[in-house]
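Same order as they appear, the protein sequences are chains A and B.
In terms of our numbering, the first sequence is residues 1 to 616.
In terms of our numbering, the second sequence is residues 1001 to 1504.
Worth flagging that the hints you see were computed from the coordinates, not collected in a lab.
Some hints here could point you the wrong way.
Claimed, not checked - Derived pair list, reagent style DSS-like, types lysine-lysine, alpha-carbon separation capped at 30 Å:
(1) B:Lys-1292 <-> A:Lys-25
(2) A:Lys-537 <-> A:Lys-525
(3) A:Lys-365 <-> A:Lys-547
(4) A:Lys-365 <-> A:Lys-566
(5) A:Lys-547 <-> A:Lys-525
(6) A:Lys-566 <-> B:Lys-1292
(7) B:Lys-1292 <-> A:Lys-555
(8) A:Lys-365 <-> A:Lys-555
(9) A:Lys-450 <-> A:Lys-371
(10) A:Lys-555 <-> A:Lys-566
(11) A:Lys-555 <-> A:Lys-537
(12) A:Lys-547 <-> B:Lys-1292
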Amino acid sequence: MLEQIWLLPTFPLLGFLSLVLTAGKLPKRAVAVIGAGSIGLSFLTAAVIAFQFLGAGEEVFVKTVWTWMSVGQFTPGFTFYLDGLSLVMMLIITGVGFLIHLYSTGFMIDDPSYSRFFSYMNLFVASMLMLVLADNLVLLYLGWEGVGLCSYLLIGFWYENPANGYAARKAFVVTRVGDTSMAIGLFLLFAQLGSLNIQDMLHGAQSQWATGSTLPVLTSLLLLGGAVGKSAQLPLQTWLPDAMAGPTPISALIHAATMVTAGVYLIARTHLLFELAPTVQLLVAWVGLATLLMAGFTAMTQNDIKRILAYSTISQIGYMFLGLGVGAWSAAIFHLMTHAFFKALLFLGAGTVILSLHHEHNIFKMGGKRKQLPVAFYSFLIGSLALAAFPFSSGYFSKDEILLAALALEGPGIWLWIGGVIGAFFTGLYSFRLVFVVFFGESRGHHDAKEQTGFSMAAPLMVLMVLSVFGGWISIPVDAVFSHGEAHEEHHVSGLMHGIMIVVPLLGIGLSYLFYMSNTLSVEKLMASPLAQGLHKFWFSGWGMDKLYDAVFVKPFLWLAHINRKDLIDSCYGFVVELTRAAHQLVVRSQTGYLRWYAMTVVAGLVVLITLGVLL
Amino acid sequence: MILVLLITILFVGGLLAWLSEIFDPAFPRVVALVTVVVELLLMLTLLGATDSPDPAWLVSFNQQWLPRFGIAFHLAADGLSVLLLILTAFLGVVAIGSAWDEVTERAGFFYFNLLWTLAGVVGVFTALDLFLFFFFWEVMLIPMYFIIAIWGHENKNYAAMKFFIFTQVSGMLMLLSILVLAYFHYVQFGFFSFDYTDLLRVNTSGSLEMLVMLGFFVAFTTKLPIVPFHSWLPDAHSQAPTAGSVILAGILLKTGAYGLIRFAVPLFPVASMQFAPIAMTLAAVSILYCAKMAFAQTDIKRLIAYTSVSHMGFVLLGVYAWNEQALQGAVMTMLAHGLSAAALFMFAGGLQHRIHTRNMWEMGGFWARVPRMATVALFFSIAALGMPGLGNFIGEFLALLGAFQANVWATVASALGLVFASVYSLWVIQRVFHGAYRGTPENSAFDETKLLDLDNRELTYYALMMIGLIWMGMYPQSFLDLSAGALQTMLANTQQLLNSVVVN
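Bound-form chain B, shown alone (with noise of 0.2 Å):
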């Protein structure tokens, strides 16, 4: 019942966060922040929850609703649910603090699309009805689309647009899969299903198996991304406010990734499995071209998009190659990316939000004037880079580890990303930071008297992620160990399968 919960004060809170505009538009704000810090207090409750009438999942809720198509309303979450349930309603904390001050024009409607996204995703966390699924999976690419294409900046709908048929496109080809799925479970056992649990059980051996699973592939690497389906991703990222891009980058992207680990691979093992080396291979090419592109921007905001999709890489390569190891470096990566990629982009876009510009040859020793803003920027860039002793080292370690034992070359391959990932994080602090400073009045978009170091309010923001990610990467055991029982099972339903088929 708490799942139901947890996404109906989302969809709740975002309706009245509109409707408190009429009094006040400073309202808005707070209820949103409200409605999430107690959506992130409820979360919390679930780490010790045992209410569950299933076994394998920490909390469920299975409840009728289109019996004739066997389409249920079932929600339930194990330890990896939970994880990327309380990282998604810490970054949407986050994304309304960094929205706080930028965020004045029909702030209420604002709110409003940003908590229905926190809901879509609360929603794709956590269902395992696939017809639910994918009903969630748009509600939360609409209220996206309105967040840039409203408070985007100059080529707004452009991106929003883009993005929209994105993600549009691949996932009409996962509805198709999900179709031809629950077909194949009519075919098999007589009527129709879309549970999680009865699809796991039909055996998708043959010659459409490869289709039917590079639709869930297409769709969850479109989200993702993985080269060749990223374009979207720094356009919309670009234009994307700031709270947009932390919700976009931080949740958003990691529901790509949930799908591989809870769907794609588990539905389809054995397709999933002959495919591994190609999904590998896009891995490692993935964290090389957009490292290289990442280098080429000279727009601050692209930058950090390009190495999003980068590190997103190590999370493709860890998923395919299906070993414990290479699992929990997956999710490792899911987690601290979260962190340090919705703070590099709160910082650029507080950076945009000062100076009106995001073209990092205008800027330029901005050290000596925001020594702060400085020090957090470094930390997240060095966080990125993958410094042992914080959670993104944790996590792209853990992956490769376990991916050489799968794939040596894709491995290798990859490995030569934590290269260029020093190139282009090093080179945005030189840009940013160091040097002369660079404030000049022909300059003008430029204003310096804008450029202002962090206030109380931000620091505490970046102060909570640089926790999260010193603990994730000092004690990551506290997160491990939530997600391996959900991840063994896993591992061990599809070795079943594959065994299965290899004494058929």
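Looking at chain A on its own, in the form it has when it is part of the complex (with noise of 0.2 Å):
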């Protein structure tokens, strides 16, 4: 079967293809087979490939389909490559992609697009595999647009709304940025190195490159610059939080569990390049908390349930990148997966929330919906918990990891991990904000609301609740990726550290449910003070990034646009027109018809010459 690697994008490419060429003509039924069945099939390929892989006890596995140009040297392949590291995330991205695709059946069955909805989905699904299968960084360049496209027609899947077309040319424009830099990063590499094959390219730059020099700096910063456009990391996280305009779904699939963190794959993918660069590495770290802050506090102010899980994403592989850059790549790849199950999970049961509540996204318009919406609220409860990394969660373990590698970090060590506690410590609490608000109390609103979920909704639901539970259990087989680089020896660290990380992020729940559950204290006398209400709008604003790039960026853009609309260039040419009919202008005049004029202008020019004659 490890032959038949292909058919896994391929699947679901023919299920984009033949849901486009019906051109929505097929009934619901037959889409919604092609569309998550191409998934599934996708999924047991994947299945079957990873149990002979591990089985064989294979580290590699190199398929080449063709070869896609070859230009003097340079020659990329569509050439798949399988290792620990690829596998899981093949397995992630078919598991919970089909999971999302069987979910979206139910969610997406008024919708009269549904056929358009799934082509997309199915375009993604097969982007997102190239991306993480390719052996060398162009046709992983093709993944990484494939899935950036797919993001912004789904993004802007409901069309009518200009807000929606907005969100989606944001996202896209703004992962274009990174994109860009990702390219030209391709370039450096392929000039220095010759080869854009990852592996080959690794080794090169190993061999001939010094640890720190410019060459390892300049380049693993441009890649930095891709991975944080496109993992919505500061400072190019803005797109995010609006790339909720998009169908729920879409935020479980794509701006959670597998687009959004394509750039720690990145990384991860090409981390022997980043160890070549301690600073840019470290760097990874600091970007990475100073995201997973900034996001945890926003998250906190936000209103907009999917808006808040939004900022979670983006606090969430902060601690990602933060894991990256102390150079615990298989935690942050461990954390990677497990916040793809609860990250999921949130999202799905947001979407039975909103739907349920016919289109409600305002958490302060929901309340007491425990009973209305059983199974959303086990499925927040259980995500919150994971989410909020509770003791024996699958997201205790896979932070609890990165911030252990952290506090083994040398010099700034422990400032980072100070950093990572005291984000965990607002995860719990605007967590739990979010699930006190919505389920416990009184209803605000939407009183007789029924919950709104078949088989084909609660089941992947109940899948990823026993995934959110146990999913740190399972241990992922990229010990031999990261062989090389990671410190593998045993830190001590002290009852005490240990003791800490366990208990912050239940002080976060508990102070959550003083505010929001026993109101013991009372958020409108917070709010009083100007410091909070200013600190408030700052953090709810984002911390008014959006502003700063509107002002900087668009406005002045669009200033530049709008005056040149006529082409300063063309006026120039303008301007020899005018030149040539103002002379001509001036022959014509001397035309009067006149013979006194004629005789007095061969006079005038007679003596002209004849002065001239003279002088000279």
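Take the two lone chains, each set in its own frame, and fit them into one complex as the hints suggest.
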């Protein structure tokens, strides 16, 4: 089966083609079978491949389907590269992807563009699989841009509303800024190392470049630019909250479980390059820390159920970046996996809430929905416990590993650890704020709502609940991939530190209980001070980054476009035309038809000529 | 001989199309279509051609014309020419298809002009005598002038005149350069020659070299076009009938790029390499400036016209990087842009034909009404913004990859064009297809009932172009292999010349 690894992206691609070519003429049932079935087939194939691959004890499997192009030294192929890392990724993408597709068959059933939805979804999965299975950076870039395109198409899926279109274009353009940085990185890597095959490139870099020299720093920085764009990290995170304009399963699949973690994958895949540039690697950690704190604070202030989850996603990817930055490669990928489980669960749960409450997004118009929406309630409870790293939930194990690795780092490690722990406190706070406000207390609206959930929507939630609880016990086979770099010696961590890491998220949950459940503490009183109001406003706006970019990039560009609408350069040619016309007018005036005028000019001309003759 | 046949068929076909109008006004389009399809089939036979006496060319034809001045009727084609010839005939078919229902007035004369323009283009892509080259350069200009001036839109005379003057003035500079070059040959070898292979041997290095090279450069970059010689193009495109735009964007622009690759650099390698930093900077300026201009437009055809200029910047960048990847990138960009721009102009023209406006602010929310057209427009917009898997990506990526090795900063600046390409491409989709439906009756120019989806004939044309772009994107090797030999020969020749200059 290993030889047939190309089937993985082929199934969803065929699904995409058949849905596009039938142009929405298929009955919904057939669309659902094609749309979800193709991903199901991919998952089965992936499972069989994983079983054989691991059973045979192989470390790497490479399969070239055809040479894409061959120009001089530049010979990227449609080549699949399977190792522990891409194996984990392909299982997450097809597994969680299938669950979300299954959920969507129910969630989108009333949408007139049912077929269009699944065609984009299938294309997305195909692109994402290309991204993680690519053996060279050009093919990876194909998947990278492909998922970006699908993200654009799906954010703007409900195109009648111009705001959705704006959010979609914003997502595409902002990530394209990162993509361009990455593309320049590829040009530089090729110019210096003569290959864009990932393994050749990494080995070339290791043998030719000294640790800390300019070239590894520059190339890893450029790749990091691509990663922060796709993974919505500072300073390119602004697109993700707006991306929530898309249908909720999209937010689960693309903007939580898979695409946004592509940046984490890219850095993990090229970790040998980042190890050659320790300063950039440390920068990755700081970017992660800054993002996780910023997004954590912002999540506390949001009222839109999906925006809270969006900021939470940004924050959790911040943890993954923190892990990458401190060299805990496998911990970062581990957190990527557990996050895929519990965040997909949370988003799908949110989808159920939104669908049941007639597209209500504001959590303060919900309240007490525990009884009305039991499935959504348990989804949120379990998902939030895992998100807040409640002991022995899946999120606990993965976050724990990252923070321990940060602690083990000499020098700035302790600060990264402290920041990460503070972030964990706020994670507990904001995630349970959501749970308490939506599901407990008094009902603040939609009193008679019924939960909309058939088998197709409930079953994926159940599976994801199980994975969110027990996912932490899965061991991912990535040791062989990262064995070169990872610090394996056991660090002695005092019981105190362990205790802090367990207790702090609980404190966050407790504080949110006091504010939103028992009302022992009052948000209104807290908000009375102008400082708190100002801070709230600042955090709510996502730290003013949108305004900043608007002022620095968007407005000047629009202004420039506006003032030069007529094309300055064309006006220069217009000037030539005017000059010719003016000269023409001047000469026309001499054509008066009066004989005395002609006679006078002849005499005047003679005088000038004679004077010239005398003078010279 | 087949090359002469290729040109003759088009000239004769044009005349027949004109004459056939006497019998029935529906005949000319049929005659034209048959002519161009025959032309296309004949060109495909060139792929296996081996009857050339000259190993550097797949086919060639050489006949004395004005021996006293060393002017010959010398035609030849290598892989590069064949690729462009096939593109020409293919887009010729597409252009006739786009004119099928649109042009009803004086149809005979229209198809006559269309075919004669194509004849000129075929001549330009095959002429190896510079005098003959100039002759064909003019042949493709004049019928195009008529196409814009007679079948154009509201401001057609201005646009046609502007097109004519820009091309003619720059063409005169090239003629001057050709004459000087022939004179150089006379001085160095004792007889006149306009033959490409003879002129390649002329030692041009000297104070005049840069000026003579610039004559070619200006003529070709006006055609391409490149900032600051671009301003004729938005007017010409917005006023031209759809078929005119298809030919103009798809093929005529590529003659400029072809001229740079075939003549400007190989004839003046030293001056060209000295000039390369300026040319590459101009390319970057052109890419960014016109991307910005495109975004500012309200007229959909003007917008697409500016994107054309922006994309041609990648061609110029690739040509002056002058290495294998960059040149292959330039050629792939020419081919892929030929299809994507032609399709986008066809879409814009089709839209104008339906609703009688090009103003995007009068459009919006068309997706639900014309889903086929929306999907097609989305596909070609995505192709134009450089989505991997489609031809334009291969071209632009290779051009940038190669250019990076020659000039880092110009390449980095040009790469920013990728961001702006996404801004304007997605803007078109938003304005026309997304948002709330805007088919308001108070809008006088907008006739809602005519807003119909693509018919099967249109869909067939678009499907052909889509297949072409996917082929180019997924297996570009079919195209790269064809042009590889020609490009490698040129690279090796200029390298040899450059080395000899260094030795001297």
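We went through each hint and held it up to the structure:
1. B:Lys-1292 <-> A:Lys-25: Violated. Lys-1292 of chain B to Lys-25 of chain A sits at ~40 Å, over the 30 Å cutoff.
2. A:Lys-537 <-> A:Lys-525: holds, 16 Å
3. A:Lys-365 <-> A:Lys-547: holds, 28 Å
4. A:Lys-365 <-> A:Lys-566: violated, 50 Å
5. A:Lys-547 <-> A:Lys-525: With Cα atoms ~29 Å apart, Lys-547 of chain A and Lys-525 of chain A stay inside 30 Å; holds.
6. A:Lys-566 <-> B:Lys-1292: Between Lys-566 of chain A and Lys-1292 of chain B the Cα gap is close to 12 Å, so the pair holds against 30 Å.
7. B:Lys-1292 <-> A:Lys-555: holds, 13 Å
8. A:Lys-365 <-> A:Lys-555: violated, 35 Å
9. A:Lys-450 <-> A:Lys-371: holds, 10 Å
10. A:Lys-555 <-> A:Lys-566: holds, 19 Å
11. A:Lys-555 <-> A:Lys-537: Within the cut-off at roughly 22 Å; holds.
12. A:Lys-547 <-> B:Lys-1292: With a Cα-Cα distance of about 22 Å, the restraint between Lys-547 of chain A and Lys-1292 of chain B holds, given a limit of 30 Å.
Checked against the numbered hints above, the structure violates hints 1, 4, 8; every other hint is satisfied.
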